[in-house]
Amino acid sequence: MGAAIREKGDSGTHRVSICVSPCIHLYYKYRKGRIYLMLIVSQLINGLQLGSIYALVALGYSMVYGIIMLLNFAHGDIIMVGGYVAMLTIAAGVNPIFAVVLAIAACMILAVVIEKVAYTPLRSSPRISLLITAIGVSFLLENLAQNIFGANAQPFPNNKIIKTSSLNIGGVQIGVTAIVTIVVSVISMVLLTFLVQKTKRGKAMRAVSEDMGAAQLMGINVNNTITFTFAVGSLLAGIGSILYCCTYPQVSPTMGSMLGLKAFVAAVLGGIGSIPGAMIGGFAIGLAEVLVRAVGLSDWTDGVVFAILIVVLLLRPTGLLGRPMTEKV
Amino acid sequence: MSMLEVKNINVYYGSIHAIKDISFSVEQGEVVALIGANGAGKSTILKTISGLLRTKTGSISFQNQSITTTIPHKIVAQGLAHVPEGRRIFAQMSVEENLEMGAYTRSNSEIAPGLERVYERFPRLKERRRQTAGTLSGDEQQMLAMGRALMSRPTLLMLDEPSMGLAPILVEEIFDIIRELHKDGTTILLVEQNAQMALSVADRGYVLETGKIVLSGGGIQLLQDDAVRKAYLGG
Ligand SMILES: Nc1ncnc2c1ncn2[C@@H]1O[C@H](COP(=O)(O)OP(=O)(O)OP(=O)(O)O)[C@@H](O)[C@H]1O
Ligand SMILES: [Mg+2]
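Read top to bottom, the protein sequences are chains A and B. What the first sequence shows, in our numbering, is residues 1 to 329, in sequence order. What the second sequence shows, in our numbering, is residues 1001 to 1235, in sequence order.
Don't take each hint at face value.
Have a look at the derived ranges for each label pair, beta carbon to beta carbon [as the list claims (entries may be wrong)]:
1. B:Ser1066 with A:Leu315: 54 to 60 Å
2. A:Ile310 with B:Ser1107: 46 to 52 Å
3. B:Met1164 with A:Thr120: 31 to 37 Å
4. B:Ser1094 with A:Ile310: 35 to 41 Å
5. A:Arg201 with B:Asn1038: 35 to 41 Å
Listed below are the simulated DSS-like cross-link pairs for lysine-lysine, each with C-alpha atoms no more than 30 Å apart in a straight line [unchecked claim]:
6. B:Lys1074 with B:Lys1126
7. B:Lys1007 with B:Lys1020
8. B:Lys1230 with B:Lys1007
9. B:Lys1212 with B:Lys1074
10. B:Lys1230 with B:Lys1020
11. A:Lys116 with A:Lys29
12. B:Lys1183 with B:Lys1007
13. B:Lys1020 with B:Lys1183
14. B:Lys1056 with B:Lys1020
15. B:Lys1056 with A:Lys116
16. B:Lys1056 with B:Lys1074
17. A:Lys198 with B:Lys1126
18. A:Lys116 with B:Lys1074
19. A:Lys198 with B:Lys1230
20. B:Lys1056 with B:Lys1007
21. B:Lys1230 with B:Lys1212
22. A:Lys200 with B:Lys1074
23. B:Lys1126 with A:Lys200
Keep in mind that the hints were calculated from the coordinates and are not lab data. A virtual CB, placed ideally from N, CA and C, is assigned to each residue, including glycine.
Can you build the whole structure from these sequences, using the hints too?
Structure representation (structure tokens):
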């Protein structure tokens, strides 16, 4: 268009260039702005994708801590087991949907078995014995996996579970995996909130985490409630496991430990024991990680996450939404 | 047979012999008071009855069934409710959720009528039903703890120091409620340091000293007893 006008002659060109050049300038600015905006949106989505996985895993830490004051360090390794079960069953030709269900069920069964075998007998022992046991279980699972599958990472058949293509939404390319991850996580969290706030089981969970003795006096079966909490926490971890493997399509014996640690940081940031806290903490850590990567400091992501942990523990050990813990009798 | 029959129980905390060979009973429709100074073992007895603590020897039976080794949540389901010392309401849950927890052993259809009954008895709880229980005043928390226990429609209600930490006028209020419950036929085992108030509502009472029952009798009779007056009623 500019060329056509320019043909009119010198004076015209002059006039036009005065009028057009700011327009072009604005246009480029607009385009640059749009590119930035698209970049920000796509990074934001990356952050939410990662954050929702952290949140799912953080919920398990927080719920278990809330109910028996145990930092369940085996929680991260449950995720690894879920990953291997899904990979192996799909490799064996099982229908992927069924494989996902199997993997999640395996996470739940494993968590409940660990609770019954390793934690329940220590219910009345000092809390440090429980913690050490949890760390021991974590090592056991990692080493078992290493013995059986070897230390190397193996590819995960993510394309059998979620399409690896991406959608163009308003000019932004968004991976289907990202959308599925965020949507599934948000739905899981809404359902969890409903369970905890509105159902009899959920209210019993809250009662037990506030005061185990008083809950017993209400006729609540405390052992069942604790087991139920482990089952729900590992259900979320199982879902998180599948989503994580679809995002970073590989499995390895130690995959759960870093993810678990970061989710643990998320739980502490949100206020350990607090369910909305774990959700907020998860998203915050995911976004923080992506932000650090976006400014070109990829090597620093883990460092920043643990720096957040240290800052939270120094400045506000109860986290964003946690309440100061009172000792229970 | 009595509604509650406690026979020669001994209870230990590690090597501390807290309850020494105690026996007592509660009959249908009675208010029975257990009185005694700090550390006499009153709360320990209630905790043992509701299954939170175990006896070393001796037996406890409730409505002709042994509950000596029954687990706490099953004891509640059998109709025995325990309002613990210090109320122990669920501070972060709403008033109504606390009451619902009280009805945990009942079927869902019994919750609505249960709430209605409790709100009728404690109108202040109804006004505050959506409020977080931790924000209630001390007497309201006591009412909530009692209302919560009543939600299970107990055959026997055990109250551990319901007057603790309340101003005298509020103590009167709580004891009025106990009288009302008594009049309506509720069987109550009442533990108190406030011997005056407790014995004035009780049909019978037991006096506890360092893990032993040292005296028992009718409420009025104990109120007039010289030894009791001297030790617990300030002369
Ligand atoms: N958890 C515990 N561990 C060890 N000893 C305990 C424990 N709880 C209570 N005791 C001891 O058992 C005895 C009886 O305590 P208990 O709480 O039953 O007394 P109480 O009559 O209810 O007193 P209070 O009027 O202060 O409530 C006391 O000597 C107390 O120190
Ligand atoms: Mg006591």
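Hints, verified against the model:
no. : hint                                : in the structure
1   : B:Ser1066 with A:Leu315: 54 to 60 Å : holds, 55 Å
2   : A:Ile310 with B:Ser1107: 46 to 52 Å : holds, 51 Å
3   : B:Met1164 with A:Thr120: 31 to 37 Å : holds, 34 Å
4   : B:Ser1094 with A:Ile310: 35 to 41 Å : holds, 36 Å
5   : A:Arg201 with B:Asn1038: 35 to 41 Å : holds, 39 Å
6   : B:Lys1074 with B:Lys1126            : holds, 29 Å
7   : B:Lys1007 with B:Lys1020            : holds, 11 Å
8   : B:Lys1230 with B:Lys1007            : holds, 29 Å
9   : B:Lys1212 with B:Lys1074            : holds, 28 Å
10  : B:Lys1230 with B:Lys1020            : holds, 24 Å
11  : A:Lys116 with A:Lys29               : violated, 62 Å
12  : B:Lys1183 with B:Lys1007            : holds, 28 Å
13  : B:Lys1020 with B:Lys1183            : violated, 33 Å
14  : B:Lys1056 with B:Lys1020            : holds, 10 Å
15  : B:Lys1056 with A:Lys116             : holds, 27 Å
16  : B:Lys1056 with B:Lys1074            : holds, 20 Å
17  : A:Lys198 with B:Lys1126             : holds, 19 Å
18  : A:Lys116 with B:Lys1074             : holds, 21 Å
19  : A:Lys198 with B:Lys1230             : violated, 53 Å
20  : B:Lys1056 with B:Lys1007            : holds, 12 Å
21  : B:Lys1230 with B:Lys1212            : holds, 18 Å
22  : A:Lys200 with B:Lys1074             : holds, 18 Å
23  : B:Lys1126 with A:Lys200             : holds, 21 Å
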